[in-house]
Amino acid sequence: MRTERKFAAMLLAFCIMLLAFVPAFAAELETDSAGRVYDLAGLFTTEEKAALQNRAEEIQENWQMDMVFLTTESTHGIEAKRYAADFYEQNGFGIGADYSGIIMIVDMGERDAQIVTCGRAITVFTDYYIDRIWNDMRRQLSEGEYFSAMETLCDSVEHYNAEYIKYQENPAYVSEYQIKQEKRRTTLLFGAAGLFSLITAGIGVAFMRRGSRNIKPFTDGRAYLKDNGVNITVDKNTFASTHTSRTPIPKNNNNNRSGGSWGGGSSTFRSSGGRSFGGGGGRF
Amino acid sequence: MPEHTEQQTMTYICPGCGSYLRFDGKAQGWACDYCGNTYNAQELEQRGAETKTDSYNVRPRADAPADETELQFHFTENLSNSTADTAHMRAYSCPSCGAEILTDDVTAATFCVFCGNPTVLPKQLAGEYRPAAILPFETDKEDAKKAFLQLCKGKKLLPKNYTDEQRLEKITGVYVPFWLFDCKADFDYHATGENVTTWRDTNYIYTKTDLYHIHRAGRLAFENIPLDASEKMPDDMMDALEPFYLERKKPFHMGYLSGFLAEKYTYLPKELYERMTKRITPGVEYKAAEGRPYQRVYGVKCRTDFLSERQTYMLLPVWLLVSRYKDKDYLFAMNGQTGKIVGELPCSTGQSVKWFLIIFCITFLISGLLVYLIGGGLV
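First to last, the sequence lines map onto chains A and B. Note that my numbering has the first sequence beginning at 1, numbered continuously upward. Note that my numbering has the second sequence beginning at 1, numbered continuously upward.
Treat the hints with care, since some could be wrong.
Said to hold, decoys possible - So, partial list: chain A residues that the calculated Cβ filter (under 7 Å) puts toward chain B: (1) LEU195; (2) PHE196; (3) SER197; (4) ALA206; (5) ASN214; (6) ILE215; (7) TYR224; (8) ASN231.
The hints are simulated quantities; they were obtained by calculation from the structure and are not laboratory data. Cβ coordinates follow ideal geometry from the N, Cα and C atoms, glycine included.
Can you build the whole structure from these sequences, using the hints too?
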């Protein structure tokens with residue numbers, strides 16, 4: 001009886017370990033040290049794979065940013081972006097000390113696609129730019145134009161990297177994000193001005209309408225008080241209690257968010273190895 | 001948070017008249033401001049003077065109960081009227097609204113001033129009609145017309161051509177019956193007074209809240225509070241017509257009615273008494289709370305005993321103006337003594353829309369320009 005239990009416990013422990021290492025196993029099985037295209041779902045032709053490999057190499061060379069394409073039929077129950085981050089980390093992708101790079105994962109099982117960023121790519125591709133790129137790619141992905149979608153991604157990666165360099169070199173540079181924010185702010189301000197004007201006009205007319213009626217009581221009674229008609233017999237002010245409270249003065253932390261004028265912030269998550277990744281995407 | 005504190009106050013009641021006694025520090029005794037008696041501690045004990053104990057919870061503002069007003073009424077009917085001869089008085093009644101109209105025997109009532117009915121029927125004068133005094137008209141019909149035009153001046157929402165004189169279909173001088181109340185109000189007022197001081201050091205902002213129990217009691221004496229005794233007259237209009245300067249009143253005489261109409265009272269003082277007390281209650285509470293050195297006062301508990309001992313019947317002069325616009329009658333009333341006119345002018349929807357658009361455009365132009373100058377930078 002005791003032996004059976006021991007065996008069952010060992011079996012369970014083995015299963016748990018196996019589950020924990022599934023992505024690592026999968027990654028190790030699927031990688032190739034030079035290649036950047038892992039088309040396990042078979043979405044690309046040989047020519048397309050070669051073209052993507054070329055684009056990845058160009059991006060590496062021009063922008064010091066790794067570019068990896070991963071398609072799969074299953075992520076073994078793991079969230080696609082985490083699967084991609086683990087794949088990227090465990091296979092040693094990334095350029096420089098911060099492992100800069102992007103891995104694009106297309107999970108055909110869940111029809112989920114994610115652009116996952118690492119290192120400097122997190123700074124360049126903020127949530128705003130990821131959304132822009134994803135909006136361009138989603139339609140192509142849902143129509144089955146997988147290669148076109150990847151080309152769109154590569155074009156955008158190159159375009160925004162070039163823009164980011166301009167932003168860094170020229171202090172007067174106005175980013176796309178900034179223009180968008182300014183437009184939004186101006187629209188909001190004009191909207192607020194319109195609302196304010198509506199309210200003012202409403203109050204103004206209500207006030208004018210009220211002015212056409214002058215039936216108001218002349219007095220609350222005080223006008224009919226007799227001379228010397230006020231006689232106060234009790235006038236006591238008794239101290240009852242005191243209470244002092246204190247609130248901390250908020251500290252003024254001058255934490256300027258990096259990339260504020262470039263593209264807003266990036267939301268990040270951690271891979272199994274504890275490295276920080278950014279990015280975004282969705283169903284298609 | 002500061003704790004709730006129950007405050008007990010003990011006050012002596014005058015054995016002579018039942019009023020609150022005031023402690024007189026100089027005389028080291030208790031004085032009654034109403035009957036004039038003074039007592040020392042021994043006398044109070046010997047005469048078995050009652051004491052009144054009040055309890056009041058001083059609470060922080062967040063826990064303070066809503067203001068509480070308690071009114072008690074004591075009414076003694078003491079009508080002050082005259083024995084004037086009413087032999088030359090004529091009465092009419094309106095078959096449409098039931099109003100009773102009075103004139104002298106040389107003035108004919110040809111329409112009902114209240115509902116505009118062109119037929120009024122003569123009737124037998126019934127019951128007592130003896131006003132103590134009358135306040136004669138000091139203005140005429142022309143003054144009423146001018147006051148009406150003045151009221152219309154500058155009213156942007158008035159329909160076009162409204163001020164044509166033809167619109168003032170009927171202008172009638174009416175002596176409106178009023179009861180003038182003399183009234184005393186004994187109040188007992190409790191409230192919480194709050195003073196807050198704040199200061200800061202490098203790390204903290206300190207807020208010190210001091211709470212006080214305010215207790216005030218006393219008597220307010222009012223005289224000649226006018227309340228119209230006519231069912232037909234809108235109460236809010238009559239209240240708005242005041243003040244009447246009663247020092248220019250005359251003893252009632254039929255001669256004053258010549259050329260004017262009068263209405264017989266429909267309400268007796270006891271029927272108006274509660275309305276009268278409600279009118280002056282805000283004034284009582286204001287006086288009770290007056291001059292408190294606190295930043296905030298809340299949790300007010302005010303109990304007032306009203307006592308009316310005299311009511312005077314008087315006729316007060318009012319011009320009634322009826323203006324017709326789009327099949328609707330608009331009633332205006334002018335104080336026949338001072339010329340103060342009150343009423344509600346019609347508002348034209350077209351004018352309202354026009355002014356709404358004008359204000360909107362101007363405000364939007366200015367605020368839009370500001371937005372452009374301040375926030376329009378990149379666009």
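These are the hints, each one checked on the structure:
1. The interface hint given for LEU195 of chain A is broken, as the beta carbon of that residue sits about 10 Å from the closest beta carbon of chain B, more than 7 Å.
2. A least Cβ separation of about 6 Å between PHE196 of chain A and chain B falls short of the 7 Å threshold, and the interface hint therefore holds.
3. Given the 7 Å rule on beta carbons, the hint for SER197 of chain A holds: about 4 Å separates it from the nearest Cβ of chain B.
4. Proximity of ALA206 of chain A to chain B is violated relative to the hint, the smallest CB-CB distance being about 10 Å (cut-off 7 Å).
5. Nearest Cβ of chain B to the Cβ of ASN214 of chain A: about 5 Å, under the 7 Å cut. The hint holds.
6. The interface hint given for ILE215 of chain A is met, as the beta carbon of that residue sits about 5 Å from the closest beta carbon of chain B, less than 7 Å.
7. Here the hint on TYR224 of chain A is kept, as its CB sits about 5 Å from the closest CB of chain B, short of 7 Å.
8. At about 5 Å, the closest approach between the beta carbon of ASN231 of chain A and any beta carbon in chain B falls short of 7 Å, and the interface hint on this residue holds.
Checked against the numbered hints given earlier, the structure breaks hints 1 and 4 and satisfies all the rest.
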